[in-house]
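With these hints in hand, go ahead and build the complete structure from the sequences.
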Amino acid sequence: MKAAIKSLTDDYAAALRAYLEGGGEAPLFRAYQIGRSAVAAGIGVLEVAAAHQEALVLDLLHLLAPDESALIAKRASEFFAEALAPFEASRRGFQEATGVLRDLNRELQQRIEVALKDYQAAQAKLDERRRMEALKDEFISIVNHELRTPLTSIHGALGIINTRLGANLPEEARRLIDIAYRNSRRLARLVDNVLDLQKIESGTVTFEIQTQPLRPLLEQALEANQPYATQLGVTLVLEETPPAVRVAVDGDRLIQVLTNLLSNAAKFSPPGERVAVSAASSAGYWRVAVTDHGPGIPESFRGRVFQRFAQADSSTTRPRGGTGLGLSICKVIVERMGGRIGFETSSGRGTTFYFDLPMEGAPGEAADTSACPESR
Numbered sequence: 011m012k013a014a015i016k017s018l019t020d021d022y023a024a025a026l027r028a029y030l031e032g033g034g035e036a037p038l039f040r041a042y043q044i045g046r047s048a049v050a051a052g053i054g055v056l057e058v059a060a061a062h063q064e065a066l067v068l069d070l071l072h073l074l075a076p077d078e079s080a081l082i083a084k085r086a087s088e089f090f091a092e093a094l095a096p097f098e099a100s101r102r103g104f105q106e107a108t109g110v111l112r113d114l115n116r117e118l119q120q121r122i123e124v125a126l127k128d129y130q131a132a133q134a135k136l137d138e139r140r141r142m143e144a145l146k147d148e149f150i151s152i153v154n155h156e157l158r159t160p161l162t163s164i165h166g167a168l169g170i171i172n173t174r175l176g177a178n179l180p181e182e183a184r185r186l187i188d189i190a191y192r193n194s195r196r197l198a199r200l201v202d203n204v205l206d207l208q209k210i211e212s213g214t215v216t217f218e219i220q221t222q223p224l225r226p227l228l229e230q231a232l233e234a235n236q237p238y239a240t241q242l243g244v245t246l247v248l249e250e251t252p253p254a255v256r257v258a259v260d261g262d263r264l265i266q267v268l269t270n271l272l273s274n275a276a277k278f279s280p281p282g283e284r285v286a287v288s289a290a291s292s293a294g295y296w297r298v299a300v301t302d303h304g305p306g307i308p309e310s311f312r313g314r315v316f317q318r319f320a321q322a323d324s325s326t327t328r329p330r331g332g333t334g335l336g337l338s339i340c341k342v343i344v345e346r347m348g349g350r351i352g353f354e355t356s357s358g359r360g361t362t363f364y365f366d367l368p369m370e371g372a373p374g375e376a377a378d379t380s381a382c383p384e385s386r
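Here our numbering runs 10 ahead of the position in the sequence shown, where the first position is 1.
Keep in mind that the hints were calculated from the coordinates and are not lab data.
Some hints could be false.
DSS-like mimics (lysine-lysine), calculated; alpha carbons at most 27 Å apart, straight line [said to hold, decoys possible]:
(1) Lys146 <-> Lys135
(2) Lys209 <-> Lys146
(3) Lys135 <-> Lys209
The structure displayed is predicted, hence computed values, not measured ones.
As structure tokens, then:
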């Protein structure tokens, strides 16, 4: 930079010397062009003014007395600097604005890159979800068409063999046929539950909501499930319910919920015990409760109670069978009817599963899962 200023001073001195020696206006124009070129090259206006002053002083020293030449040079330099000051301010302002725009552009570019990455991640998740939905639809189709029909035939054939030919078969053969029959029934129930849950969640199942008495629905559910409970040595009991209780529900779906809860309660109750069904008001809802006296739900499993295929005992040797979908279906059905479901349990003392239904005339509320366990 010092070399550039020294060269600028020499060029200025030569131009001014030519002017003072009678060279006309051409040397002044050349001096003006030299100044503009210097500013364009990055030399500041004040530095240009200082170079001009130094060149002027050098030339005037040869023509005037020292005091006079210095005074003239100083005033000329001040005038030149004042004349170029607005240009210098504009140049600096432009440079500052350029810097600000550069920073803003860099920040905008970074935001665009982040937004693009977020969009790509969201698109990938959406594509994955669509892929999983397609796989689920394909799985449901396979279950419905390739598994359900032959399974129904197998189950029916085993039932006929067990009923008509069982007495004529060896004991070991009867035992194996009985095991196959029970397992085929369990598998058929699993297939039905999978299809049922998928239909409810997809919205293809229409709920016929009607306001109707609650007690007859409870009685029907107990009557339908008592034979299964009797096989386990368990008695189903309907406790006193408030008179004239009416609820807005799909009756068949409500009985489906009760069937799942009653069969679970009977399955986990010791022989000789009772499973009690009750109904009572609870903060704008009618609460229906199914209470057993079984072992209770293990603490480690309570957070997964309503999850699909969840089993407290998932071993192949567990004494109590099940699909692990019954409670998931209960949760979906109850919530579709504007209710909520939950449970209370105590290790070694039993479990109470309950669901709350809006009272007649009260607006149905969305299920408050924060007040109920998420899954069993």
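Results of checking the hints against the structure:
For the suggested pair Lys146 and Lys135, the alpha carbons sit about 16 Å apart, so the restraint of at most 27 Å is met. For the given pair, Lys209 sits about 12 Å from Lys146 by alpha-carbon distance, which is consistent with the 27 Å threshold. A hinted pair counts as satisfied when its Cα atoms are at most 27 Å apart, and Lys135 with Lys209 qualifies at roughly 24 Å.
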